[in-house]
Amino acid sequence: MIETIDLCKSFATDSKKPLFARRPLSPGIRAVDHVSFVAADGEITGLLGPNGAGKTTTLRMLATMLSPDAGSATIDGRDIQTERAQVRQHLGVLSDAKGLYWRLTARENIVYFGQLHGMSREDAAQRADMLLDELGLQPIAHRATQGFSQGERMKVAIARALVHDPQTVLLDEPTNGLDIMATRHMRESIRGLKRKGKCVLFSSHIMQEVAALCDRVVIINRGRVAFNGTPAEALAATGLATLEDAFVRLIGTDEGLMA
Amino acid sequence: MSRTGDSRALDVARLWCVTRKELRDLLRDRKSIFWGLFAVALSGPLVLGIIYFGAGAINDRVEHLTAPIVNARFAPDLVRHMERNAISVDIDPPDYEARIKSGALDAVLVIDVGFSEALASGRPARITLVTESSRERSAPIAASLRAAVLSWAQQIGRERLVLRGVAPALADPITMEEFDLATPSQRGSRMLQIMGFYALFAGLMGAIAAALDVTAGERERQTLEPLLATPVTTLELSLGKWAAVSAVNLLAVTVSLLGFVLALHLVPLDRIGLPFSFGWREYGGFMAVLTPFSLMVPAVLLAFGAAGKTAKEAQSSLQVGVSLLGLLPLMSFLRQTQAPWWDVWVPVNGQFAVLNRVLRAEPIAWHDWIAMAVVPLVIAALSLVVLRYRLGSERLLAGR
Chain B
1 MIETIDLCKS FATDSKKPLF ARRPLSPGIR AVDHVSFVAA DGEITGLLGP NGAGKTTTLR
61 MLATMLSPDA GSATIDGRDI QTERAQVRQH LGVLSDAKGL YWRLTARENI VYFGQLHGMS
121 REDAAQRADM LLDELGLQPI AHRATQGFSQ GERMKVAIAR ALVHDPQTVL LDEPTNGLDI
181 MATRHMRESI RGLKRKGKCV LFSSHIMQEV AALCDRVVII NRGRVAFNGT PAEALAATGL
241 ATLEDAFVRL IGTDEGLMA
Chain U
1 MSRTGDSRAL DVARLWCVTR KELRDLLRDR KSIFWGLFAV ALSGPLVLGI IYFGAGAIND
61 RVEHLTAPIV NARFAPDLVR HMERNAISVD IDPPDYEARI KSGALDAVLV IDVGFSEALA
121 SGRPARITLV TESSRERSAP IAASLRAAVL SWAQQIGRER LVLRGVAPAL ADPITMEEFD
181 LATPSQRGSR MLQIMGFYAL FAGLMGAIAA ALDVTAGERE RQTLEPLLAT PVTTLELSLG
241 KWAAVSAVNL LAVTVSLLGF VLALHLVPLD RIGLPFSFGW REYGGFMAVL TPFSLMVPAV
301 LLAFGAAGKT AKEAQSSLQV GVSLLGLLPL MSFLRQTQAP WWDVWVPVNG QFAVLNRVLR
361 AEPIAWHDWI AMAVVPLVIA ALSLVVLRYR LGSERLLAGR
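From first to last, the protein sequence lines are chains B and U. So for the first sequence, our numbering puts the first residue at 1; every next one is plus one. So for the second sequence, our numbering puts the first residue at 1; every next one is plus one.
Hints listed in this document are in silico derivations from the structure and should not be mistaken for laboratory results. None of these values were measured; they are calculated from a predicted model. Be a bit skeptical, because a hint or two may be false.
Said to hold, decoys possible - Per label pair, the in silico range of CB-to-CB distance:
no.	chain 1	residue 1	chain 2	residue 2	range
1	B	120	U	369	41 to 47 angstroms
2	U	38	B	181	56 to 62 angstroms
3	B	133	U	310	34 to 40 angstroms
4	B	28	U	319	28 to 34 angstroms
5	B	81	U	377	32 to 38 angstroms
6	U	326	B	244	58 to 64 angstroms
7	U	310	B	232	53 to 59 angstroms
8	B	176	U	320	31 to 37 angstroms
9	B	77	U	326	49 to 55 angstroms
10	U	10	B	8	48 to 54 angstroms
11	B	208	U	16	43 to 49 angstroms
12	B	252	U	310	45 to 51 angstroms
13	B	81	U	326	41 to 47 angstroms
14	U	326	B	69	39 to 45 angstroms
What the hints assert, rightly or not - A few chain B positions that, by computed beta-carbon distances, are all more than 10 angstroms from chain U:
no.	residue
15	72
16	88
17	96
18	98
19	123
20	134
21	182
22	184
23	191
24	196
25	198
26	206
27	238
28	240
Unchecked claim - Listed below are several chain B residues computed to face chain U (Cβ distance under 8 angstroms; list not exhaustive):
no.	residue
29	38
30	95
31	99
32	103
33	130
34	148
Virtual Cβ for every residue (Gly too), placed ideally from N, Cα, C.
Please put together the full structure from these sequences, using the hints given.
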């Protein structure tokens, strides 16, 4: 379970700060501004918002890669700032960057991350084989990932994030760049996680995806939570027929949807 | 800028896991590894070959000397003197000034028009040695010609004294003898100062590709962010990457020096007057100096390579590190005065100095060995602190 309370994060904007200034002159932009929500176990929570809304920054803070400026968050009761190592240990992350080691095989990529999570080589290998089977990657498991298609790479990245069987899974735009078949496959995998009682938080800017998968939706716009509830509640709150219209109404603009 | 904190900074199993993965990843890059090691291993024999043929060519030119003489008809005795001394004479070479300028001729003797009259009447007769002093390879030829002329002049002078009943020794009140303290192997090593350069070069080149791969490459492939989301700590990452790159670098140094030992067995340097030896004693000395050095270079390069937001920036930053390390030995190469005591404590420069002492078979003081060990390891430690700090920096993610 993920609980965030008033998470805030700013970035410096003036990249051309004076050479000897110790800190940026302007306070920068607020990428995430008092974001609070709860994502429960056994549910899929969608973090929805236009490009640049603060989804990735929020996920990076939850993954303990960025420190919040203010506010707090816990994952299964573990504080993301004071208990980072424990948080990481039980967290599966498909980050914004989904690169693989080209010269390693798919299996080696997955086993490496299992070992980094403290698994023995045998356990990691066994678990990797299971995931490779599940994702239909077994035929290419022993090939270097250099020549993989976008979909194959994404699957390996997913397997890498799940190798240590984490209770909580963060997925940053998991269907980005995938074709229809791969997207369907990915959705099935995400539903599979839900069936296993995992807490899944995934970000997307694609409405259909959220509508098809999510139990709850957190709509973020310009760093703030614009809506937090079930898809049905979103429709009820706006009185509109489709989630897409509701989304546009809730964020007050159709900017960003074109992307 | 805050850092991604670590609760337990160093887990040995995880460190070993990172090292093994980086090594495997690096060694699979067969093309880079092959070219890296191959180039480094081959450059030793190549350097030797160049020295061998270079020195051989000089010897050849001095041994089979030709004396181009302008106006030779005024000094037939000089021509005979030359020929008696196995120097062939090229009489009145045309267009000699231009040919000296262009390098086709090294030096030319020009006999004065009034030479024979002056010689006959006992006045100093003039011969001009025309050469191009800025061209190094012409110097030995010019020196040989000068020596040949002077020996002839001395011979004439002595004959004149004898004719007048004076002992020739009276005209030589002082004899000057040179006593060179350099042992034969030291004289050879002067020529082969380049060897020290070459060995340091191997310790630098072996690390560049690997350092680039594990820093800038990690960004280029977008693998750093997933990595930082795992429990692995920045300390483990820094040490693991350093250990892997160092292993590759040490391999490159070992291979290149072995190549040198083997090449010296094949190339008879002493036959061309270079009594230079690079046997197992020198090999041991070189490895003792270069092992800490080969651990330092990767750390420095990694610290530079982790700078900047993009792979491109990391690459240019790494080049700064390479040039810094590469230019330091110029200090002692160009210095004309005796080295100050702190010379060996200057990184790279100090290694260069001690490597040369190994070649010259000079004793090396214990405090010099301490410098060889302490300086690189301190720099490596500092660089690793920087590397760890940079890997943990949030800017790294924000700027992707």
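Nearest-CB test (10 angstroms) between chain U and residue 98 of chain B: violated, 7 angstroms
Residue 319 of chain U and residue 28 of chain B - C-beta distance against the hinted 28 to 34 angstroms: Once the Cβ atoms are compared, 31 angstroms apart, the range 28 to 34 angstroms for residue 319 of chain U and residue 28 of chain B holds.
Cβ separation check - residue 198 of chain B to all of chain U, threshold 10 angstroms: holds, 16 angstroms
Assertion that residue 96 of chain B lies farther than 10 angstroms from chain U (Cβ): violated, 7 angstroms
Minimum beta-carbon distance criterion (8 angstroms), residue 99 of chain B to chain U: holds, 3 angstroms
Outside-interface status for residue 196 of chain B - nearest CB in chain U farther than 10 angstroms: Residue 196 of chain B is indeed farther than 10 angstroms from all Cβ atoms of chain U, at 20 angstroms.
Distal placement of residue 191 of chain B relative to chain U, Cβ over 10 angstroms: holds, 23 angstroms
Distal placement of residue 88 of chain B relative to chain U, Cβ over 10 angstroms: violated, 5 angstroms
Exclusion check [residue 72 of chain B not at the chain U interface, CB over 10 angstroms]: holds, 15 angstroms
Supplied contact hint for residue 148 of chain B, tested at 8 angstroms Cβ to chain U: violated, 12 angstroms
Residue 238 of chain B non-interfacial with respect to chain U [C-beta, more than 10 angstroms]: Answer for residue 238 of chain B: holds, closest chain U Cβ roughly 34 angstroms.
Outcome for the supplied range 45 to 51 angstroms, where the beta carbon pair is residue 252 of chain B and residue 310 of chain U: Given range 45 to 51 angstroms: violated, Cβ gap about 35 angstroms.
Of the numbered hints given earlier, the model fails hints 2, 7, 10, 12, 16, 17, 18, 29, 33 and 34; all others are met.
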